[in-house]
Amino acid sequence: GNEYSLMPLVIDLTNFPIAPFNQKFYMNVDQWDGMRDRRNEILGELTQLQNVVAFTGDIHAFYAGVPATNDDPDRRIVELVTSSISSGTFATQLVLQVAADPTLSATPGASDLAGNIDQLLRGTGTNRHLAHADSAVNGFVTVEVDGAELLATYHATPEANTFEDLTTSPDLASKFTTTRFKVEVGKADLLKEINGAWKRWDPASNNYV
63 GNEYSLMPLV
73 IDLTNFPIAP
83 FNQKFYMNVD
93 QWDGMRDRRN
103 EILGELTQLQ
113 NVVAFTGDIH
123 AFYAGVPATN
133 DDPDRRIVEL
143 VTSSISSGTF
153 ATQLVLQVAA
163 DPTLSATPGA
173 SDLAGNIDQL
183 LRGTGTNRHL
193 AHADSAVNGF
203 VTVEVDGAEL
213 LATYHATPEA
223 NTFEDLTTSP
233 DLASKFTTTR
243 FKVEVGKADL
253 LKEINGAWKR
263 WDPASNNYV
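Note that our numbering has the sequence shown beginning at 63, numbered continuously upward.
Hints listed in this document are in silico derivations from the structure and should not be mistaken for laboratory results.
A few of these clues could be false.
[Said to hold, decoys possible] Derived CB-CB ranges, DEER-like: (1) L158 / E65: 20 to 26 Å; (2) V271 / N77: 26 to 32 Å; (3) N77 / R100: 26 to 32 Å; (4) A162 / F78: 20 to 26 Å; (5) A162 / P232: 36 to 42 Å; (6) I256 / A162: 37 to 43 Å; (7) N113 / Y88: 28 to 34 Å; (8) I80 / F202: 35 to 41 Å; (9) L111 / P164: 46 to 52 Å; (10) D120 / T204: 17 to 23 Å; (11) K237 / L158: 22 to 28 Å; (12) P232 / Y88: 41 to 47 Å.
[What the hints assert, rightly or not] Straight-line Cα separation of at most 25 Å, SDA-like style, residue types lysine to any residue; simulated pairs: (13) K261 / G248; (14) K86 / A161; (15) K261 / D136.
Built from N, CA and C at the ideal position, the CB exists for glycine as well.
Model the full structure from these sequences, guided by the hints.
Now the structure itself:
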């Protein structure tokens, strides 16, 4: 467990018709994306061990995936990233950043890019290690571990709920949606529960199989 997300978060806008957006962007170089060689060294060491799962955050979004060394996608670990409980979400921070910048706010398409960050992260195939992205919700993660598996449940709630006093709400649980992930002992695979079945994230096909 540590504060900073290991997984690269890159958006590829090289085909975007408006300059200066038509290039690749690392979304947060205050995380390990700012020290990619050092991350590669750490992952090289961690992938020599069994049953390593990273728990991280500090980006105000829910992510899950299988970060790997630079030269071998099969040398990987599983990472689970939790969102903030009440701080502004990553998606909202991006939208507000665009609105506060006179140049960006006057640039056609800038606000749409900020508001569709998950589609940009997941839709272009740039982040094949990234199996789950939900940047516009708050919440928390619970984890259950035994000798056979690790089960993580993502509890997500709309950002608007953080402005309400729900301490005496009789239906607090209904304010959250849940997504479940699993890691089995001895395997560096991320499994997601989809329609009652566990599906494995496959970076090569960029999909659950």
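So, going through the hints one by one against the coordinates:
{"no.": "1", "hint": "L158 / E65: 20 to 26 Å", "verdict": "holds (22 Å)"}
{"no.": "2", "hint": "V271 / N77: 26 to 32 Å", "verdict": "holds (28 Å)"}
{"no.": "3", "hint": "N77 / R100: 26 to 32 Å", "verdict": "holds (31 Å)"}
{"no.": "4", "hint": "A162 / F78: 20 to 26 Å", "verdict": "holds (21 Å)"}
{"no.": "5", "hint": "A162 / P232: 36 to 42 Å", "verdict": "holds (39 Å)"}
{"no.": "6", "hint": "I256 / A162: 37 to 43 Å", "verdict": "holds (38 Å)"}
{"no.": "7", "hint": "N113 / Y88: 28 to 34 Å", "verdict": "holds (29 Å)"}
{"no.": "8", "hint": "I80 / F202: 35 to 41 Å", "verdict": "holds (37 Å)"}
{"no.": "9", "hint": "L111 / P164: 46 to 52 Å", "verdict": "holds (49 Å)"}
{"no.": "10", "hint": "D120 / T204: 17 to 23 Å", "verdict": "holds (19 Å)"}
{"no.": "11", "hint": "K237 / L158: 22 to 28 Å", "verdict": "holds (24 Å)"}
{"no.": "12", "hint": "P232 / Y88: 41 to 47 Å", "verdict": "holds (44 Å)"}
{"no.": "13", "hint": "K261 / G248", "verdict": "holds (17 Å)"}
{"no.": "14", "hint": "K86 / A161", "verdict": "holds (21 Å)"}
{"no.": "15", "hint": "K261 / D136", "verdict": "holds (18 Å)"}
Hint compliance for this structure: no hint is broken.
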